[in-house]
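**Student:** With chain A fixed as given, assemble chain B onto it according to the hints.
Those protein sequence lines, which keep their order, are chains A and B.
Counting from 1, position 40 in the first sequence corresponds to residue 40 in the working numbering; the numbering is continuous, with no gaps.
Counting from 1, position 77 in the second sequence corresponds to residue 77 in the working numbering; the numbering is continuous, with no gaps.
Hint data in this document are derived by calculation from the structure and do not stem from the laboratory.
Glycine included, every Cβ here is placed at the ideal spot set by N, Cα and C.
Some clues are possibly wrong.
As the list claims (entries may be wrong) - Stretch-level coverage of chain A by chain B, calculated; a stretch enters the list once three of its residues show a Cβ under 8 Å from a Cβ in chain B: (1) 79-93; (2) 100-111; (3) 275-284.
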Amino acid sequence: MDLSLLPQFLITGLSTGALYALITLGFVLVYRATSVVNFAIGEFLLVGAYLVYTFNVAPFNLPLPLAMLVALPVAFLFGWLIERGFVRPLLGRNVVAVIMATIGLVATLDGVAQLVWGADQKAYNGELPGQPIVLGSLVLTARSMWGIVVGIGVALLLIALLRYSRYGVMIRAVSESETAALALGINAPRMVGIVWGLSAALAALGGVLLASASGPGFHVIALGLMVFPVAILGGMDSVPGAVIAGLALGVVQALSTGYLEGSLPGITEAIPFVIVLLVLLLRPYGLFGQSRIERV
Amino acid sequence: MLFRLSQTLTDRYSRTFARTVRATYRQDEAYASTPLGRLWLWTALVLLVMLPLLLPPYPMYVVVLIAIASIGALGLHLLVGGAGQISLGHAAFLGIGAYTASHLAGPLAAVGILLGGVLAGLIGIVLGLPSLRIKGTYLAIATLALQFLADYVFKRWEAVTGGIRGRTLPPAEFLGISMPNADALWYLVLLFAIPLFFYAKRLLSSRAGRLWYAVRDNDLSARLSGVDLTRAKLTAFAISAFYAGIAGGLLANLYKSITPDNFVLTFSIQYLAMVIVGGAGTVLGAVLGATFIVLIPEVLNAIVGAFGPQFAPSFAAWRNVVFGALILLFLILEPLGLVGLWGRIRDYFRTWPLPY
Chain A
1 MDLSLLPQFL
11 ITGLSTGALY
21 ALITLGFVLV
31 YRATSVVNFA
41 IGEFLLVGAY
51 LVYTFNVAPF
61 NLPLPLAMLV
71 ALPVAFLFGW
81 LIERGFVRPL
91 LGRNVVAVIM
101 ATIGLVATLD
111 GVAQLVWGAD
121 QKAYNGELPG
131 QPIVLGSLVL
141 TARSMWGIVV
151 GIGVALLLIA
161 LLRYSRYGVM
171 IRAVSESETA
181 ALALGINAPR
191 MVGIVWGLSA
201 ALAALGGVLL
211 ASASGPGFHV
221 IALGLMVFPV
231 AILGGMDSVP
241 GAVIAGLALG
251 VVQALSTGYL
261 EGSLPGITEA
271 IPFVIVLLVL
281 LLRPYGLFGQ
291 SRIERV
Chain B
1 MLFRLSQTLT
11 DRYSRTFART
21 VRATYRQDEA
31 YASTPLGRLW
41 LWTALVLLVM
51 LPLLLPPYPM
61 YVVVLIAIAS
71 IGALGLHLLV
81 GGAGQISLGH
91 AAFLGIGAYT
101 ASHLAGPLAA
111 VGILLGGVLA
121 GLIGIVLGLP
131 SLRIKGTYLA
141 IATLALQFLA
151 DYVFKRWEAV
161 TGGIRGRTLP
171 PAEFLGISMP
181 NADALWYLVL
191 LFAIPLFFYA
201 KRLLSSRAGR
211 LWYAVRDNDL
221 SARLSGVDLT
231 RAKLTAFAIS
241 AFYAGIAGGL
251 LANLYKSITP
261 DNFVLTFSIQ
271 YLAMVIVGGA
281 GTVLGAVLGA
291 TFIVLIPEVL
301 NAIVGAFGPQ
311 FAPSFAAWRN
321 VVFGALILLF
331 LILEPLGLVG
341 LWGRIRDYFR
351 TWPLPY
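In isolation and in its complexed conformation, chain A is listed as follows (with noise of 0.2 Å):
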């Protein structure tokens, strides 16, 4: 073990650790105002991340952060089509069923995505910009501070909009109960189609963020599913908990990167599903989740 390194490991993981809580917000919002877990939010990082590479590379060309700007929007597009498309046909029917559609999104978005793109790993034109930092030892690079700023920073704000905006109260109002949600004359529909929405381009953000050193590829898709252990671990409706959790797991994976992949190769990709294993076997509702579970 070299403690020296213990503060960069800190640092990639915290990086690392933004970009999940990223996106498992936009995951609990999806959940707590439709009670549907997306087994397809692999897929809407792939998508997101091959979305900006559109725009990245010809005909458009556009520099990173731009082609990010210009392709959330489109990102908020498709996850509002997959709403209308798949999951609001199916309102109203048991879980199980929900949940099996989000699995058939899964193949097919796989499918889509490889006939349009093409199966091989793309790369990024250009890198992020910014200058690596260095203080002592520790060396700042560009893409963790992207990481951190733009992870911690979405998320701070997006908590800001929940909490004070006109659409943000009215999107908590239909979490809260629909039904009244829909008799104070609040477009429900509307606000669920948003929330998948949101959901998307939070998902292409933090997709394209994190694929952003090996380019984008289908292993962005792993990368999406570590969504589960960071929800199961905060609470799967606590938006605080996506927060911390996400910070969390991600240093946690890099400690694990840094300290025991030595000695045991693929460890990292394990451990946070055997997490996930022993919060539901001990505290099913997560760190910070309500108690709600039915126990029968």
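**Tutor:** Coordinates of chain B only, in the frame set by chain A:
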């Protein structure tokens, strides 16, 4: 007069072809409810036994695949359609069965396959434990986690699984008869498939099945009417995993070489697709669903062949699109699956030509 005639005809029809009213549990538990049904059953069994004589090698290979997939799908059917629990880790159980069978191959193949099923069943009980505290969504996530952990174990426990290179098996032997190809292996598959199918049918139509349906429809009221939920759920998980383990063992003997890639999440999703496309909770549904899903790649292959080789690279992508689209279409348009579709066609002819 015409009315009377049509009524008699309808009555006659349903008594011979499709009995809908079952007065006793005995009728409910019967494998075939009409004389014609019984005739069908026996013809089908004889046909199954003679199949390798009738089919050329490649179609026979596909049929063996379908039969093995049906066993696996049937296991998931019992869990999803029967007890209403969801599992995204079915491929992991197939893997357990397959790796166990790979250690007891050759002359011991039948024992290995059976043992693989038993081992998978035991692990199924352990993995069913989360279902006692959590359900629906949370259970799906728990089984997803198990699928990933199993993947990790298959890849890294090199002493037992051979790591990413996997394991190879010698041809199976049964009672001294070597089974080098699909034609011969078919009989080993039948040896397992026929009892398992009859057992599943019996399970679903007897007490165990009725308990599962009660849990599926409303676990709270099932508990209130005295169903032992713990037992019902754990048996569902154990039996479902047992079926998957057997299917995995047979698959290993068919492929003769297995790698962790044979048991990844995609295959769990494929089995779920079989259940949905087939239709919930019936034995026929498992077979229809498995046939459908196994045939898709074959049909796509043929289409790709017809359009020319330039489409071959996108083959995997198209297969995924078709799988996913089928799941979505059936969920949205025909929740009862192929069985429901068949039932509606049958009902149409039951009252034909005077539907009212």
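**Student:** Could you run down the list of hints and mark each one as holding or not?
**Tutor:** Results for each hint:
no. : hint    : verdict
1   : 79-93   : holds (count 4)
2   : 100-111 : holds (count 11)
3   : 275-284 : holds (count 5)
Checked against the numbered hints listed earlier, the structure breaks none of them; every hint is satisfied.
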